[in-house]
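S.K.: Listed here are the chains, written in short residue letters.
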Amino acid sequence: MAACIGLTFTHQHNMSPEKYLRYLVPFSLFGTERTKQILQATPTDDVVRKDADKTQITVYHYDSTHLESTELQKVEESFPFRDQPQVSWINVDGLCKPDVEKAGAHYGIHPLIIEDILSMGQRPKMDEVEGILYCLLNMLYFNSKTNSVEQEQISIVLGQNYVITFQEDPSRDVFDPIREKLKINNSKLRQRGADYLCYTMLDLIVDNYFFVMEKLGACIESAEEEVIRNSNTRSLARINFLRKELIVLKRNIAPVRDLIGGIIRSESELLDDRTTKYFKDVYDHIIQAYDLSENYRDIMISMQDLYINNVNLKMNEVMKVMAIVTCLLAPATVIGGVFGMNFDVIPTAHNTWGFYTAVGAMLLIPVWMLVMFKRRGWF
Amino acid sequence: MAACIGLTFTHQHNMSPEKYLRYLVPFSLFGTERTKQILQATPTDDVVRKDADKTQITVYHYDSTHLESTELQKVEESFPFRDQPQVSWINVDGLCKPDVEKAGAHYGIHPLIIEDILSMGQRPKMDEVEGILYCLLNMLYFNSKTNSVEQEQISIVLGQNYVITFQEDPSRDVFDPIREKLKINNSKLRQRGADYLCYTMLDLIVDNYFFVMEKLGACIESAEEEVIRNSNTRSLARINFLRKELIVLKRNIAPVRDLIGGIIRSESELLDDRTTKYFKDVYDHIIQAYDLSENYRDIMISMQDLYINNVNLKMNEVMKVMAIVTCLLAPATVIGGVFGMNFDVIPTAHNTWGFYTAVGAMLLIPVWMLVMFKRRGWF
Amino acid sequence: MAACIGLTFTHQHNMSPEKYLRYLVPFSLFGTERTKQILQATPTDDVVRKDADKTQITVYHYDSTHLESTELQKVEESFPFRDQPQVSWINVDGLCKPDVEKAGAHYGIHPLIIEDILSMGQRPKMDEVEGILYCLLNMLYFNSKTNSVEQEQISIVLGQNYVITFQEDPSRDVFDPIREKLKINNSKLRQRGADYLCYTMLDLIVDNYFFVMEKLGACIESAEEEVIRNSNTRSLARINFLRKELIVLKRNIAPVRDLIGGIIRSESELLDDRTTKYFKDVYDHIIQAYDLSENYRDIMISMQDLYINNVNLKMNEVMKVMAIVTCLLAPATVIGGVFGMNFDVIPTAHNTWGFYTAVGAMLLIPVWMLVMFKRRGWF
Amino acid sequence: MAACIGLTFTHQHNMSPEKYLRYLVPFSLFGTERTKQILQATPTDDVVRKDADKTQITVYHYDSTHLESTELQKVEESFPFRDQPQVSWINVDGLCKPDVEKAGAHYGIHPLIIEDILSMGQRPKMDEVEGILYCLLNMLYFNSKTNSVEQEQISIVLGQNYVITFQEDPSRDVFDPIREKLKINNSKLRQRGADYLCYTMLDLIVDNYFFVMEKLGACIESAEEEVIRNSNTRSLARINFLRKELIVLKRNIAPVRDLIGGIIRSESELLDDRTTKYFKDVYDHIIQAYDLSENYRDIMISMQDLYINNVNLKMNEVMKVMAIVTCLLAPATVIGGVFGMNFDVIPTAHNTWGFYTAVGAMLLIPVWMLVMFKRRGWF
Amino acid sequence: MAACIGLTFTHQHNMSPEKYLRYLVPFSLFGTERTKQILQATPTDDVVRKDADKTQITVYHYDSTHLESTELQKVEESFPFRDQPQVSWINVDGLCKPDVEKAGAHYGIHPLIIEDILSMGQRPKMDEVEGILYCLLNMLYFNSKTNSVEQEQISIVLGQNYVITFQEDPSRDVFDPIREKLKINNSKLRQRGADYLCYTMLDLIVDNYFFVMEKLGACIESAEEEVIRNSNTRSLARINFLRKELIVLKRNIAPVRDLIGGIIRSESELLDDRTTKYFKDVYDHIIQAYDLSENYRDIMISMQDLYINNVNLKMNEVMKVMAIVTCLLAPATVIGGVFGMNFDVIPTAHNTWGFYTAVGAMLLIPVWMLVMFKRRGWF
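Residue numbers (our numbering), protein chains in the order written: chain A, 925 to 1303; chain B, 925 to 1303; chain C, 925 to 1303; chain D, 925 to 1303; chain E, 925 to 1303.
This is chain A alone, in the form it adopts within the complex (with noise of 0.2 Å):
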């Protein structure tokens, strides 16, 4: 009964299925909530997106010489800015409808391109209308609380003097490196025109994904060092938590090789040809960053056969300490057996080194098992 006890005690703190639920937990959960925004489809006619309640624009109007920075309150505010000779961008944090549609109609951005503006979870693309072009694309955050993946969708419109980016959220972008060489008078960024403007934003995008991959290639690194250490359940919650994850990246990576791929062939005259250089440069990048995903996931493939491997060895070790010591007893038991039968005639029941005879061979006979298997290459 003891052992029974000490089984159940054992079973409470180790083996029970709420143990392991509490494992997963903390992963599953959220990882449950993860698959929920991977498998979102998102209906595209109707603008699902709760307007923001504040937009923010931002105008940087700059030459090679000139820099003028202003903070405007409202979206005709930035109209003015459409036909200077200077270069300008017009930042539109927080996307609210009547707002958008307002600049649209001013800039003549075309009612489609407007909706995907406004809309939520595109697929990156870029489209050529009417002496504009538009790229909608996502920037990649990693959230080093929930070691997740984040995007939030930016549009970009580059115009004849002018680039327009639309952001969701006013709080973080990954264009402070933009900001910091608009203040460099005769910087390059001030020197070229809008279209190189562009040009450096999706290179910081793209950029950016580096960032997060790099990131991500660390949690995938310290979760095969788990896997090796000790396979456990946590270990299994956090490769699938991991495989949600490059879903996630490559849904992102993979259009936007498309996405800079159009800009290259394209022949919008609002591209400079020297220019083209830098987006062919973004391309190998982009080329690179999806490489890169690729190798993540073989990477992602062998830890888990690695993970399956370790789980059947366990399991197997445990096989074999049974057959073990089910064979180590089987001599002892039947020799108990025997000499326990009540017989009148029992062989040497009498004589006086009968039993330690008897316990002799039932220690004997385990360790000349031993010396067998040993020699078997058993264990």
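Heads up, some of the hints might be wrong.
Which copy is meant is left open, because identical chains are indistinguishable; a pair holds if it fits in one copy or across any two.
No more than 16 Å apart at the CA atoms, straight line, and that leaves these computed lysine to aspartate or glutamate pairs for EDC-like [unchecked claim]:
1) LYS1174 x ASP1222
2) LYS1174 x GLU1218
3) LYS978 x GLU995
4) LYS1174 x ASP1215
5) LYS960 x GLU1149
6) LYS1204 x GLU1039
7) LYS960 x GLU1138
8) LYS1026 x ASP987
9) LYS1174 x GLU995
10) LYS998 x ASP1017
11) LYS1201 x GLU1052
Keep in mind the hints are simulated off the structure, nothing from the lab.
We have chain A; now place chains B, C, D and E onto it with these hints.
M.R.: This is chains B, C, D and E only, laid out in the frame that chain A set:
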């Protein structure tokens, strides 16, 4: 014997094959039915479709200022709408061979297309024949009761100033938003020609795919949660069931890509240049739907892996308990056997504390073993 | 010993390898045969085909108003039909090398094509050589007795005003509907030229693929039901068997796609522009057949997964029962051992109720364990 | 102890690892050797091939009426054949660097091609350089002793009126049918030019691929039969072995497709238009060979699945027996324990029929259990 | 208890998790390190590379008759070599940002290319910018100590009469054969232009890939032998380790294919028509390398399957032993229990030969069972 009865009892209520079957039945029988539908190969030269009892014909005849909506009794009554400058949408609900053939003869639809309209289980496709643009595809609905995807074939014939749609089921379609918009004077739909009407139809059909996918996504998500919480046969049945729904989904979405791509590449005079942009928008959506269905597939594969792992895990747990029980019992059984032997001389047999010492050893050895196992990280 | 006899008995009737083999035999031996056929690589420069004993030649000679149908004894008798304005269908049943070569010489068929007609196991293909359009493909039949797909090679030679078909087996083909339609004066077939006749043949062959697939689909469906109800070795044999049939199917369908695509792209003068539309229709069908065969494959893979899962499930059930029996027996065995020891002083040994208390403990502990296991969700 | 001896005995003869190894050895060691060959990466700038001891040169010099066949001692003796109107086939057996270089210099073969001729382990390819068409591919032989595919590199140089072939091994090639046909006056081969000779060679090489595949197919078939009858380690070794042979096969066939495709697309003046049709025929054959090798692969995968399933099945059988034995023994052991306890008061202990009742219960309970298991469909 | 001690002992030496970890450690820790390297995503706009302490510049300045080889201290000293009719090879070992930028400015290398030269972890690529042909790829080395593939980035800039190479590590490269050949007057390398020098470099780099693959192939082969002989955790660790090396290999080889393909398609004036043939030769080699790496992958997959099968086999063996021991022990245990019951009337209990009969039965029944099992082909 108590153990045995207990076992039997347990069995009848918990592990009997019948019970598993009972779990499986609602899903699996339906599943086989589904397989039947998926595997269905439709002979294509004979029209096996049973003729509809009644053909309902509705005509919307409009330009930007006037709208006339009529319910017709006979297909011949729709013929005058053909050669008028306004746009006509002739919606035929319920396919009746003689009516369709009459309409085909009047509107100059090629006999092969008439055959396609009347046939069943066709692969989505588009065709341009003799001044007519023909699209055949399926509308998908999500049946919330059976959690399955249902499909209804629709044929869209775009002519000079008219669009004819042939549907199987009069009780449902996805065109209600069109009916709403048609009622609004000077709405975009009313201002533009028949090609824009055709675009709106395809757009609504594709948008409805997203709606269906969202519902299916919710099923996948709940299946995943079930797999994580409690991996039993029922979860497996659900995974199998969902895999089949994904086959249905993919089978419908993949060829629609080619269909819409074909319309964009088409140089038909029926399509206004301004409308091309709208078809490109639908093309973006269908690509997105396809990508999404691939993501669904990845999630399903990853879920099946999770299921298998969970099932293995549970079994490993059982194995561990067996191994531990076997080991813990070993010394007690052997000690009991040793002192149960009928030798005359058994040391400590006449000692008052002999019994208590033996039982103490029986209890202490398992405790010591538990400590050893614990240290070794066995549980 | 009773247990042992029982076991042996059980064994002979239920689990002996011989029995499994008996299950397997009808399928597996046939299966190996099938593998032989699938793996068959036919050396291509020697004609290994055994010449048919008898060549049956049937000629249909028709225009829209007249039809002449003749059974010929010799291949030479068909030669006059060549240069007449009416359309001739010369159907050669049973391939006899000298006859085929004679016909080839007369109709100007290239020696390489003659070789192809006479060879076996060719991959479907089309060729345009010296004013002749040549198609080689297989007619598929479904053998309901063996549930397997049988194939018969057919060569179709389309010339200026004639179609020559070479078949292996005089007893069957898929052209009966043609024979029916030919009897109808002014039927479309009678009005159009030889290219339309050729289209009708390909259409019937491809339509018959759907018929075969439907039959195979029914087999797959019944196999699935068997797997769900009772996953035994027989189901595995069936799955393996069906996988081989799918290889046969795919091997025949995939290249026919290229064949018909080639006819559509061909600019041969033998093909009327009006007929191209009909070939496109056949092309749509063969694409659909190919898609369907991919769906069949997906269903088979999913079924095999289901099988493996069911087998594992059964084994897990057995493991659980073992674990539970082991645990439930543990206390009874130990208690029996404890009170079986031959010490002089055994507490409660002389107590009248000692025996009943011990047996009571033996019964109560398992019951308590069962309750514990139940609560833990173990079964 | 008897059990134990029995077990040991059993072991030495049936389950010892050594025995498994013995099974594996003939295959596996060879297998590693094979892996070595497959993995062999040949550095390509140094000619590592050991020069042949002796170069055998045979020249066939022919037109439709004359044939001259000569064995040459030196490569220089073949030089006069170059500029004659008749066709010459110069067959060089045994590759000796100085000879090949001398020939290369005379016939205007580019140094890089000379390097290719002398190198080993090259990927099949074709090249057109300076008025010469060069093909490098492998002849495959099936070694019936080791059941493995052997390869011999052959270089075919097609010039204006000559074909030079370079082979490694003088003892064998696949060109005997050419030698036969050359002896026949006015045979097609004798009437046509050097390009037709080149076609005949490629045709024979590709036909021989089918011969090798047929032999390999027979091995696969016999392996499948073995797997079905008796899935043991030996079958696994065979499957692994055959998988490697398939890699060798595919590695040789896949690039030959491109090679012959290249010849067909080539616009070299060396190729008569009439011969193109023949190369297309070879192309059809090599496509067929490739398809077939894919089928072989599918069969192998399906066979491996079968193997794994059979092994699992056997194990499940063992598990079932264990479970049943455990359950059947349970009551007897417990009953024995109950009445073996040393209490003073044991009911029925002094009853004459007590012993027989207990033993009867020991026998009846298992029988009852067997009936129960049977009903539940457990075995 | 002896059994238990033996078990414990056994355990510590043979099956303890620590030991498995010890096996794994040298591989796995390195493995994680490797994963880190493979997963490394390099942000590309900042130059993160640490500047080399010292830049070594070596210039080979040659035409067919003269060779001048100089070690330079400063990058500026290499500038005069630019505009001379002879060919110059300027080899820069150790990348120092200011030096590279100075050289870039002088030789007219685009700033983006300068960035690429200085960056790390780039994907191999080629570019043609402003009269310069730029190749970036990796040289691979095989580290025999760690059995891993190491890579060093090299940038090759081909200008009018010069080739500039930028290497990271001054201590090693694969260009020694070039240095040898340059010393030989009138060698082909000395006679041809800078494009031939560039070809020679690419050829040597690609040839070295084969060298590395051969070494890796030897590792794979020895791993396979280990798997066949003794499938333990160490083998699994090796397989995982090798899989990662194959990812590194493929990652380097695949894009080099595009690189060299790009050079062949390039119409740059820097490339002599005669040299194209040589680049095609390199292209053949890199295709072969790629094919080979695919073969490596197939072998690895097949090896992993073999491993899993062997592990399962071992476990099955253990299971069989368990089953047999359980069955053989069954009768002895039950017989012991039967005659150990404390009934007054036990038949044959007072018989002299009772004990011997019972023990005889205990021995004979297992022997009979063994014979039965044997006949059934169980072991």
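S.K.: Please go over all the hints and tell whether each is borne out by the structure.
M.R.: Comparing the hints with the structure gives:
Taking CA atoms no more than 16 Å apart as the test, LYS1174 paired with ASP1222 passes in both settings, with 13 Å inside one copy and 12 Å between copies. Taking the closest pair of Cα atoms, LYS1174 and GLU1218 come within 16 Å of each other both inside a single copy (8 Å) and across two copies (12 Å). In this homomeric assembly, LYS978 and GLU995 come within 16 Å of each other (Cα to Cα) only inside a single copy, at 13 Å, whereas the closest approach across copies is 49 Å. In this assembly of identical chains, LYS1174 and ASP1215 lie within 16 Å of each other by CA distance both inside one copy and across copies; the values are 10 Å within and 11 Å between.
In this assembly of identical chains, the alpha carbons of LYS960 and GLU1149 lie at most 16 Å apart only when taken from different copies (11 Å versus 29 Å within one copy). Proximity of LYS1204 and GLU1039 under a CA criterion of 16 Å is satisfied inter-copy only: 14 Å between copies versus 29 Å inside one chain copy. Within a single copy, LYS960 and GLU1138 get their C-alpha atoms only as close as 25 Å, which misses the 16 Å cut-off; across copies the closest is 9 Å, which meets it. Taking the shortest Cα distances, LYS1026 and ASP987 never come within 16 Å of each other, neither inside one copy (26 Å) nor across copies (29 Å).
Proximity of LYS1174 to GLU995 under the C-alpha cut-off of 16 Å is found in neither arrangement, the shortest distances being 36 Å within a copy and 48 Å between copies. Taking the shortest alpha-carbon separations for LYS998 and ASP1017, only the intra-copy value of 12 Å comes in at or below 16 Å, while the best inter-copy value is 51 Å. In this assembly of identical chains, LYS1201 and GLU1052 lie within 16 Å of each other by CA distance solely across copies; the values are 10 Å between and 19 Å within a copy.
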